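Participant: Chain by chain, the residues:
2 protein chains.
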Amino acid sequence: MIYHAEYAWLGAGTGAGTGVGAGVGDEVAPDVLIETTGDRFTRVVPGVPAPPDAVRLPGLTLPGMADAHSHAFHRALRGRVQAGRGTFWTWREQMYAVAARLDPDSYHAFAKAVYAEMALAGISCVGEFHYLHHGPDGTPYGDPNAMGEALIEAAREAGIRITLLDTCYLTGGIGKDLEGPQHRFGDGTAAAWADRVSALRPAGPAHALIGAAIHSVRAVPREQIQAVAAWAERHAAPLHVHLSEQPAENLACQEAYGRTPTELLADGGALGARTVAVHATHLRDTDIELLGGTRTGVCMCPTTERDLADGIGPARDLVAAGSPMSLGSDQHAVIDLFEEARAVELDERLRTRHRGHWTAGELLAAATTDGHAALGWPEAGRIEPGAHADLVTVGLDSVRLAGSTPGHLAESVVFAASAADVRHVVVSGREVVRDGHHRLVDDVPAALFAAITAVTQ
Amino acid sequence: MIYHAEYAWLGAGTGAGTGVGAGVGDEVAPDVLIETTGDRFTRVVPGVPAPPDAVRLPGLTLPGMADAHSHAFHRALRGRVQAGRGTFWTWREQMYAVAARLDPDSYHAFAKAVYAEMALAGISCVGEFHYLHHGPDGTPYGDPNAMGEALIEAAREAGIRITLLDTCYLTGGIGKDLEGPQHRFGDGTAAAWADRVSALRPAGPAHALIGAAIHSVRAVPREQIQAVAAWAERHAAPLHVHLSEQPAENLACQEAYGRTPTELLADGGALGARTVAVHATHLRDTDIELLGGTRTGVCMCPTTERDLADGIGPARDLVAAGSPMSLGSDQHAVIDLFEEARAVELDERLRTRHRGHWTAGELLAAATTDGHAALGWPEAGRIEPGAHADLVTVGLDSVRLAGSTPGHLAESVVFAASAADVRHVVVSGREVVRDGHHRLVDDVPAALFAAITAVTQ
Numbered sequence: 008m009i010y011h012a013e014y015a016w017l018g019a020g021t022g023a024g025t026g027v028g029a030g031v032g033d034e035v036a037p038d039v040l041i042e043t044t045g046d047r048f049t050r051v052v053p054g055v056p057a058p059p060d061a062v063r064l065p066g067l068t069l070p071g072m073a074d075a076h077s078h079a080f081h082r083a084l085r086g087r088v089q090a091g092r093g094t095f096w097t098w099r100e101q102m103y104a105v106a107a108r109l110d111p112d113s114y115h116a117f118a119k120a121v122y123a124e125m126a127l128a129g130i131s132c133v134g135e136f137h138y139l140h141h142g143p144d145g146t147p148y149g150d151p152n153a154m155g156e157a158l159i160e161a162a163r164e165a166g167i168r169i170t171l172l173d174t175c176y177l178t179g180g181i182g183k184d185l186e187g188p189q190h191r192f193g194d195g196t197a198a199a200w201a202d203r204v205s206a207l208r209p210a211g212p213a214h215a216l217i218g219a220a221i222h223s224v225r226a227v228p229r230e231q232i233q234a235v236a237a238w239a240e241r242h243a244a245p246l247h248v249h250l251s252e253q254p255a256e257n258l259a260c261q262e263a264y265g266r267t268p269t270e271l272l273a274d275g276g277a278l279g280a281r282t283v284a285v286h287a288t289h290l291r292d293t294d295i296e297l298l299g300g301t302r303t304g305v306c307m308c309p310t311t312e313r314d315l316a317d318g319i320g321p322a323r324d325l326v327a328a329g330s331p332m333s334l335g336s337d338q339h340a341v342i343d344l345f346e347e348a349r350a351v352e353l354d355e356r357l358r359t360r361h362r363g364h365w366t367a368g369e370l371l372a373a374a375t376t377d378g379h380a381a382l383g384w385p386e387a388g389r390i391e392p393g394a395h396a397d398l399v400t401v402g403l404d405s406v407r408l409a410g411s412t413p414g415h416l417a418e419s420v421v422f423a424a425s426a427a428d429v430r431h432v433v434v435s436g437r438e439v440v441r442d443g444h445h446r447l448v449d450d451v452p453a454a455l456f457a458a459i460t461a462v463t464q
Numbered sequence: 008m009i010y011h012a013e014y015a016w017l018g019a020g021t022g023a024g025t026g027v028g029a030g031v032g033d034e035v036a037p038d039v040l041i042e043t044t045g046d047r048f049t050r051v052v053p054g055v056p057a058p059p060d061a062v063r064l065p066g067l068t069l070p071g072m073a074d075a076h077s078h079a080f081h082r083a084l085r086g087r088v089q090a091g092r093g094t095f096w097t098w099r100e101q102m103y104a105v106a107a108r109l110d111p112d113s114y115h116a117f118a119k120a121v122y123a124e125m126a127l128a129g130i131s132c133v134g135e136f137h138y139l140h141h142g143p144d145g146t147p148y149g150d151p152n153a154m155g156e157a158l159i160e161a162a163r164e165a166g167i168r169i170t171l172l173d174t175c176y177l178t179g180g181i182g183k184d185l186e187g188p189q190h191r192f193g194d195g196t197a198a199a200w201a202d203r204v205s206a207l208r209p210a211g212p213a214h215a216l217i218g219a220a221i222h223s224v225r226a227v228p229r230e231q232i233q234a235v236a237a238w239a240e241r242h243a244a245p246l247h248v249h250l251s252e253q254p255a256e257n258l259a260c261q262e263a264y265g266r267t268p269t270e271l272l273a274d275g276g277a278l279g280a281r282t283v284a285v286h287a288t289h290l291r292d293t294d295i296e297l298l299g300g301t302r303t304g305v306c307m308c309p310t311t312e313r314d315l316a317d318g319i320g321p322a323r324d325l326v327a328a329g330s331p332m333s334l335g336s337d338q339h340a341v342i343d344l345f346e347e348a349r350a351v352e353l354d355e356r357l358r359t360r361h362r363g364h365w366t367a368g369e370l371l372a373a374a375t376t377d378g379h380a381a382l383g384w385p386e387a388g389r390i391e392p393g394a395h396a397d398l399v400t401v402g403l404d405s406v407r408l409a410g411s412t413p414g415h416l417a418e419s420v421v422f423a424a425s426a427a428d429v430r431h432v433v434v435s436g437r438e439v440v441r442d443g444h445h446r447l448v449d450d451v452p453a454a455l456f457a458a459i460t461a462v463t464q
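For the record, the sequence lines run as chains Y and C. Just so you know, we're using the numbering used here here: the first sequence kicks off at 8 and counts up by one. Just so you know, we're using the numbering used here here: the second sequence kicks off at 8 and counts up by one.
Everything labelled a hint here was simulated from the structure, so no lab data went into it. A quick note: this is a predicted structure, and the numbers were derived from the prediction, not measured. Even for Gly, the Cβ is constructed at its ideal location relative to N, Cα and C. Treat the hints with caution; some may be incorrect.
To be verified - Among the chain C residues that face chain Y by a calculated CB cut under 10 Å, a handful are: (1) R85; (2) A104; (3) A107; (4) D110; (5) P111; (6) G318; (7) V406; (8) L408; (9) S411; (10) D428; (11) A457.
Excised from the complex, chain Y in its bound form (with noise of 0.2 Å):
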């Protein structure tokens, strides 16, 4: 396929591995010519005009965004756990209940109806934080992997890829059992995660990956981290973690084991450049080091961070002391990788009370090719040769980003673009949006609409 790209964000695709702090440009390309063989990239030159044979991509096109951090199912809590003045009590009590009701089926036409909303976005790969392993009372199914299965084949439909991180979440909190909905989620010990981990195996495409994750310090006692870290070296996969989301589990961690949880992953060999801390909002100075040091990424989730009143973490001083950053919708209070990466900004401003943390180009690059890297796709989220034809316009001509010029493009976007401005989406060469239509799912709302209802009445 040839398109042709009125303006095409370029910056994170002149060279390999950048990271997010090295500076990356917030420049963009007019009249870009790419070409696509089969799901790859093979030709992206700028500056020339569009040949009659091309697809014109009006607008700013963006590489695929990733998702890093996603719990499909809360999908289902949008709006409910705001009811009167939406406590944490709210929000748990409702989470769990939905929790309870899922099965494979309802769970693949849930994920389906959430992934084709992530494709209208311009998320072209989710990582699923995926811990409802078994039936309601902690019985595996027949096949012990049924959920899991539902999910990449929920991605598969919907048209983007996924990085299944299967999670290991053996108890209810430190030194506790396994509690009524947590039985789902429960495989016993890391070794039978381990087990039955190692059975699954995508099918179809290779729209999906294998990867790893610890719940968190609280869900797996500290003689079983190693086991999910060696198991994730082993298959060199990526290996996500819960960190440091709430000062309970700092408090709770320095009590059992008198280590922070950085150090317990420390520990355990859980740290490094495959690893993934999610949140990571309550560190110590030692903590930052050592996530740095070890360049383990950090995965920044403030629009629920906002939600659940967590606060607001330190990505700038993550990011300099060498974490690569990358963004997640994580219980998908809004689906918008836009409003994820310009809140990690505007929320560093309100902690610090200064302007100017990052650019515009750092914030996408954290939103596509970091964000890519986050979840064992390095070859994707940059849009040159040999990368994973994914491609994301966004639309200039609403009222949102008019007037923007072609100087400012890249900050029009993060800071005032919205996902309804998403009008076209390539996957992995595949036409998955056009002019904000899904192609794959006809009426994705009412998808939703469905699937929301099948699981709350």
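On the provided structure of chain Y, position chain C as indicated by the hints.
Facilitator: Leaving out everything else, chain C in the frame of chain Y:
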């Protein structure tokens, strides 16, 4: 006209002068018959089938929203002021550059486009905090109110109501002369300001009110505050003032006068139920008591306060103390009162680390009823007989709102809707937006583009 709303939020319409803190409900009524005559509602009946001649409004219908704090010309800065690392100085330099370029004709075209964007976002009334009074060197135009009149006309042509908050701006800081572009802002003395404003009479139909504003205690010396307050008192007009947006203002005020800005305003008789303090970010407890005790309103502008790194104001404490709350998009980094409304709650969560400070109904009341009251339109912002016939219908058929249930529609819209979801807007009985298209300004993005280009190139 007869409308039939699939759902309508009537929460703030069931009593007079509720005030945000009074526990306004989140309830949404189905099948609401709404009749208008001229510019007013004449009949509102929930729970009845649609008569055949009714205009159907599928989705959730809200009262008109009030954008209680606007600097229309800042719309030119969207995106641009994030260039590079986007420091405060990037912002201020560009803001003054745009301020220097406008004249009555270009400002009319500019504001018309911005107000049309507001209409598309469901805003039926704007509070324009206006201080671009004179020619670039400070010489008054032949008609010294030419700029204000241009704004009033712009609102009329864009189909929304306006409260022109004509702003007294005399000094470039406490004890400092005006400098450079600031010369446009100055009237010399509050008495000269009052003479000019007294000559300002809205022409044409009753879509405009004249209010007063004290730019800030930085720009209006102590001895001149009283004259502005007296003018507002004499005309029973709204009086707005930027208050304690930055700690530097508090410090300068203490050093010069030995008073907080709030105390200085109280000394000048500038607080009270017709006054609105904008931002009110950095306050002492005694300031909060003074504001609440005098029923002085507060206008929160959270997307601006994020953008300018101002910090998070004590909105909840202010309302608890007695201040009604309104919302403003201020510099228009985005024009989306849903985003402003949820940001009040979400930023309070970041500040306190707890959820659940505001109900969706309280936040909607701030955007509608209390916003209009803050602009001197107490008979607007509520769907009830006698009130201005303003209707804003939010479509529930986007991926953002799909899966919302009737029991949680107010929450879903406040926490997940975007201005892009506004489908239908009626202002004072006139249909201004239908199916997302502005009926009076044919191509709003093109109008924005032309207006912004004219003052930035």
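Participant: A separate judgement is required for each hint: does it hold in the structure or not?
Facilitator: Each hint tested on the structure:
{"no.": "1", "hint": "R85", "in the structure": "holds (5 Å)"}
{"no.": "2", "hint": "A104", "in the structure": "violated (14 Å)"}
{"no.": "3", "hint": "A107", "in the structure": "violated (18 Å)"}
{"no.": "4", "hint": "D110", "in the structure": "violated (19 Å)"}
{"no.": "5", "hint": "P111", "in the structure": "violated (20 Å)"}
{"no.": "6", "hint": "G318", "in the structure": "holds (6 Å)"}
{"no.": "7", "hint": "V406", "in the structure": "holds (4 Å)"}
{"no.": "8", "hint": "L408", "in the structure": "holds (8 Å)"}
{"no.": "9", "hint": "S411", "in the structure": "holds (5 Å)"}
{"no.": "10", "hint": "D428", "in the structure": "holds (8 Å)"}
{"no.": "11", "hint": "A457", "in the structure": "holds (9 Å)"}
Checked against the numbered hints above, the structure violates hints 2, 3, 4, 5; every other hint is satisfied.
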